[in-house]
Each structure stands twice: as C-alpha cells, then as structure tokens.
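Student: Take a look at the letters that make up each chain.
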Amino acid sequence: MQTDSVPAASETAMTERRKIAFEPLSESDASLSSNDSRVLTGAPDTVSALGNRIAILPDPPKAPTSNADTIRGFRRWSRHLRRTEQKPVIQTEERFWLLYKWHGQVLSVDSETFEAELSDPLKPDLTEIATFQKTELSASNIALLRPGATFYWFVGYRDFPNGQRKRESDIWMKRGGRMEQRKYTEELAAVQNIWRSIDWSTSSPAIRRT
Amino acid sequence: MVEARVSMTLIPAATALTDVLGYSIVLVGKFVPTFIQPSMLLQNGLLTESDLSSLNYDLMMNDLSVLRLPWLQLSVEREKLSAMSTLANPAREPVRDFVLSLAELVANPRFTALGINRDTHIPINNLEEYSALLERLIEIVGDEGASQPIDHEIEDFSFPDWGGSLHKPVLRSLAVQSHRDDNTQGMLTVRVEPSTRISPGVYIQTNDHFDANPDTIDREPDQLLDQLSSGWGAATARADRIIGYVKEMLNADR
Numbered sequence: 677m678q679t680d681s682v683p684a685a686s687e688t689a690m691t692e693r694r695k696i697a698f699e700p701l702s703e704s705d706a707s708l709s710s711n712d713s714r715v716l717t718g719a720p721d722t723v724s725a726l727g728n729r730i731a732i733l734p735d736p737p738k739a740p741t742s743n744a745d746t747i748r749g750f751r752r753w754s755r756h757l758r759r760t761e762q763k764p765v766i767q768t769e770e771r772f773w774l775l776y777k778w779h780g781q782v783l784s785v786d787s788e789t790f791e792a793e794l795s796d797p798l799k800p801d802l803t804e805i806a807t808f809q810k811t812e813l814s815a816s817n818i819a820l821l822r823p824g825a826t827f828y829w830f831v832g833y834r835d836f837p838n839g840q841r842k843r844e845s846d847i848w849m850k851r852g853g854r855m856e857q858r859k860y861t862e863e864l865a866a867v868q869n870i871w872r873s874i875d876w877s878t879s880s881p882a883i884r885r886t
Numbered sequence: 010m011v012e013a014r015v016s017m018t019l020i021p022a023a024t025a026l027t028d029v030l031g032y033s034i035v036l037v038g039k040f041v042p043t044f045i046q047p048s049m050l051l052q053n054g055l056l057t058e059s060d061l062s063s064l065n066y067d068l069m070m071n072d073l074s075v076l077r078l079p080w081l082q083l084s085v086e087r088e089k090l091s092a093m094s095t096l097a098n099p100a101r102e103p104v105r106d107f108v109l110s111l112a113e114l115v116a117n118p119r120f121t122a123l124g125i126n127r128d129t130h131i132p133i134n135n136l137e138e139y140s141a142l143l144e145r146l147i148e149i150v151g152d153e154g155a156s157q158p159i160d161h162e163i164e165d166f167s168f169p170d171w172g173g174s175l176h177k178p179v180l181r182s183l184a185v186q187s188h189r190d191d192n193t194q195g196m197l198t199v200r201v202e203p204s205t206r207i208s209p210g211v212y213i214q215t216n217d218h219f220d221a222n223p224d225t226i227d228r229e230p231d232q233l234l235d236q237l238s239s240g241w242g243a244a245t246a247r248a249d250r251i252i253g254y255v256k257e258m259l260n261a262d263r
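From first to last, the protein sequence lines are chains A and B. Going from the first sequence to the numbering used here is simple: count from 1 and add 676. Going from the second sequence to the numbering used here is simple: count from 1 and add 9.
Hints were generated in silico from the structure; no laboratory data involved. Worth double-checking, as some hints may not be accurate.
Claimed, not checked - When the alpha-carbon atoms are kept at most 25 Å apart in a straight line, the in silico DSS-like pairs for lysine-lysine are as follows:
no.	chain 1	residue 1	chain 2	residue 2
1	A	777	A	850
2	A	799	A	850
3	A	777	A	810
4	B	39	A	777
5	A	777	A	799
6	A	799	B	256
Please construct the entire structure, taking both the sequences and the accompanying hints into account.
Tutor: Laid out in structure tokens, this is it:
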C-alpha cells in the first residue's frame with residue numbers, strides 16, 4: 677500500500693523520496709504494529725509527506741573517499757549547505773502566524789453580544805469569562821452561535837501575497853456535530869432502552885419528578 | 010532537475026514570527042472517494058455556506074478525490090483519508106473536528122490505522138545549528154566537538170558506500186521511532202530534516218500512529234476515532250513535548 681498521504685499525483689512526482697534504515701527491534705516486543713519482519717519501517721501508513729514537501733538539498737561536495745566518523749560527515753555537509761544556502765524568494769502565498777489560541781464555550785447570547793468561557797490549551801486549569809461582540813463573527817458563524825456551542829479563538833498575524841501583514845482575530849465556531857440520522861436513531865433507541873429499564877416503582881420521588 | 014519543478018515560498022528565518030506549523034490526520038480504512046460531495050458536507054454541517062465560495066475540487070474520481078478550502082485540504086482514496094491544515098489557517102482543531110464528523114458519515118466504517126501528524130518548521134540562525142542538533146540527537150558528539158574549525162577541510166565522508174551501491178552518501182534526515190506506552194497499538198515516529206519552508210530552518214515531523222486492535226476491531230470498527238476525541242489532548246501534548254525537547258536541544262547550542 678502507498679505509504680505517504682500525498683494526494684496529488686503531480687505533487688508526488690515532484691518529491692524526492694528518501695528512507696532511513698532502522699535497527700531491528702526486540703523479537704519479544706509485543707507493541708509493534710503488524711509488520712512480519714519485526715523491523716520498523718521508515719514510513720508508516722499514516723505519515724503525511726506534505727509537511728516539508730521533502731527537503732531538496734544541494735548535491736554533496738566533491739572528493740569524499742574513505743569512511744570516517746559520522747560527526748565529520750555532518751560538519752562537512754553543514755559547511756557545504758551553508759555555502760550553497762537556498763536564497764529566499766518573494767512570498768507568493770498567504771499565511772497565518774498563529775500566536776495565541778483559546779478554546780471557548782458559549783454561555784449566553786443576547787442581541788449584540790455573547791458571553792463565553794475561555795480556556796488556554798496550555799493552561800487547562802485556568803478559565804476566563806469574556807464577552808464578545810457578535811459582529812466578530814461571520815454570518816455563517818452566527819448561525820452556529822447558541823449557548824453550549826464551542827469555538828476556537830485564534831489570534832495572530834496574517835501575511836498576504838502582496839506583502840501586507842495584518843493582525844487578525846478569528847473566532848471559529850466548531851463545525852459538524854450534527855448527528856447523522858442513523859446515529860440519531862441508534863442513540864435514541866439506546867436512550868429509550870435506558871428509559872424503559874428504569875424500575876419506576878422503586879425510584880425515589882425526586883427521580884420520578886424528573 | 011527536481012528543484013525546477015517545485016514551486017513554494019521559502020521563508021527567510023529572520024522574518025519568521027514563529028514556527029511554521031502544519032497538522033494532518035490520516036485515517037486508513039475503506040472509503041468511497043466520491044462521497045465528499047459538497048451537498049453532503051453542507052447538509053451534515055461540515056461546511057458552512059460561506060465555505061462554498063472558496064471550495065475547490067482538484068479531483069473527483071472513483072479512486073481519488075481532492076478537496077481544498079482555505080483551512081483544509083482533504084484527499085480521499087479508496088483506502089485512506091487525509092486531512093491537512095493549510096498555511097493560511099494552520100489550526101489543528103478544525104481539521105480534527107472535520108475528520109471526526111466525516112468519519113461518522115462513512116458507511117460501514119472499519120478504520121485500521123490512524124495517524125495524527127504535526128509538521129513544524131523552526132527558524133534557526135544558521136545551518137550549523139542544524140548540524141549540531143543532529144549531533145546531539147544521535148549522541149555522537151565526539152572529542153573534536155563544536156570547536157572544529159569551520160574552514161578546516163575534511164577529506165572524509167562519514168558513511169560507507171553501502172557495498173558500492175551509493176555514491177558520496179550523506180545523512181540528510183534523522184528518523185526515530187518509539188513504541189507506545191499508552192496501552193494502544195502503533196508507534197510514534199519523529200523525523201528531523203532541514204526545512205524547505207524556512208531558510209535556514211529545521212523541520213520536525215511527528216507521526217503519532219495508532220493501529221486498531223485486531224482482537225476488537227470487529228466489535229468496535231471505529232475504535233480509533235476515540236483517539237481523535239478523548240485521546241486528542243494526549244496526542245497533541247505528546248507532539249508539543251517532542252517539539253519542546255528538540256527546541257531545548259537547539260537552544261543548548263545557542
């Protein structure tokens with residue numbers, strides 16, 4: 677099976693594939709994936725190869741001859757890279773520099789604002805309450821705004837192809853989560869089973885009231 | 010030459026505000042590539058109406074479909090689904106949410122492997138820092154250490170010619186795989202290379218790979234989705250720790 681996740685054949689053809697050899701692992705290790713050879717391979721099924729677009733490096737320098745220690749090879753190659761360092765080109769694509777992000781859950785919504793509880797993924801124990809203007813949201817995001825809805829708040833700088841840089845605050849309402857009909861039916865049946873399984877005759881008055 | 014055909018922007022390290030990040034999720038199973046129709050995605054809340062104006066399909070074929078949005082690139086093959094963040098929106102949560110929701114819609118799901126990947130490009134001052142990083146990571150700092158004169162010519166290469174099959178071989182990337190210690194099946198792979206996005210820069214790829222448990226997959230064919238929901242925090246923290254460790258190694262030389 678193809679081991680990279682590169683989707684476009686044209687991009688795949690442009691990349692240079694390289695592999696790294698690995699030491700065989702212990703025969704007794706039971707946590708390996710189903711690899712008959714018991715040797716880990718360099719590219720698991722789930723590797724994404726687009727991240728680096730595969731490093732395309734200058735050719736190695738001339739005149740190597742005999743074997744030597746590995747560290748010398750690194751140094752030589754490093755010097756060679758420095759001499760032939762790739763020159764940066766003019767930016768042609770839009771990119772976003774993500775500086776901060778928070779997870780949020782909407783607590784309440786009124787006509788012009790909404791209140792949300794925010795948590796920093798890096799400090800999960802710390803939560804804050806903030807009020808946002810609804811005008812911060814796009815029309816499609818406003819449609820998803822309701823108490824209990826979750827969102828992500830991204831803050832950073834956006835670089836545009838024309839060289840402009842703008843500070844940006846983006847509230848991203850969580851998509852999906854809408855239950856598929858089949859799943860809904862299954863879940864509903866499960867709930868009904870639980871409901872029917874309750875022995876009402878022995879339940880407390882408090883439970884009966886609910 | 011390969012270089013002539015590759016078009017991408019190289020970011021000067023001096024202008025990089027922070028790391029360049031990319032996230033991807035790869036799900037292995039049985040898929041019908043043509044099922045990612047815009048109407049279906051819209052109907053099930055995976056896309057909003059505002060997404061439709063920027064929605065592009067590169068391909069829609071029986072064997073492969075490729076969808077692009079400003080915040081997502083999705084490809085679906087018969088045996089693999091790959092979702093990636095973009096440079097314009099390098100956020101992992103929307104990609105995770107999308108994959109989770111889409112996987113719920115797959116008919117007769119049976120997912121055999123899952124990869125949670127993070128691509129990180131770290132700006133550095135010069136490529137010597139990369140060389141020093143590799144040295145540290147593979148623990149081969151020798152007696153000559155970092156004090157080796159830059160201009161001192163070394164006539165030798167470090168690697169043998171592998172039985173005469175390789176000509177002037179050099180080590181260009183380092184990949185390390187580890188076993189899992191979280192009672193799941195799979196492996197964790199970290200790859201370190203010179204970045205082709207930031208110049209000069211270091212590229213670090215983490216592949217958090219999960220294999221479905223063959224003993225229980227018939228009973229729980231979508232068990233791997235738990236790693237995207239309840240296991241998501243642990244997976245992202247794991248990747249963050251790896252990047253933090255590599256940065257420590259980098260900073261140790263500065």
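Student: Are the Cα positions of residue 799/A and residue 850/A separated by 25 Å at most?
Tutor: Roughly 21 Å between the alpha carbons, so the hint for residue 799/A and residue 850/A holds.
Student: Hint check: residue 777/A vs residue 799/A, CA-CA at most 25 Å. Holds or violated?
Tutor: Holds, at roughly 11 Å.
Student: Is it true that the CA of residue 777/A sits at most 25 Å from the CA of residue 810/A?
Tutor: This hinted pair holds, its Cα atoms lying about 19 Å apart.
Student: Between residue 39/B and residue 777/A, does the CA-CA distance stay at or below 25 Å?
Tutor: Not OK: residue 39/B and residue 777/A at ~34 Å, beyond 25 Å, violated.
Student: Please verify whether residue 799/A and residue 256/B have alpha carbons no more than 25 Å apart.
Tutor: holds, 20 Å
Student: Please work out if residue 777/A and residue 850/A have their alpha carbons no farther apart than 25 Å.
Tutor: Status holds; Cα separation ~14 Å.
Violation of the numbered hints given earlier is confined to hint 4; every other hint is satisfied by the structure.
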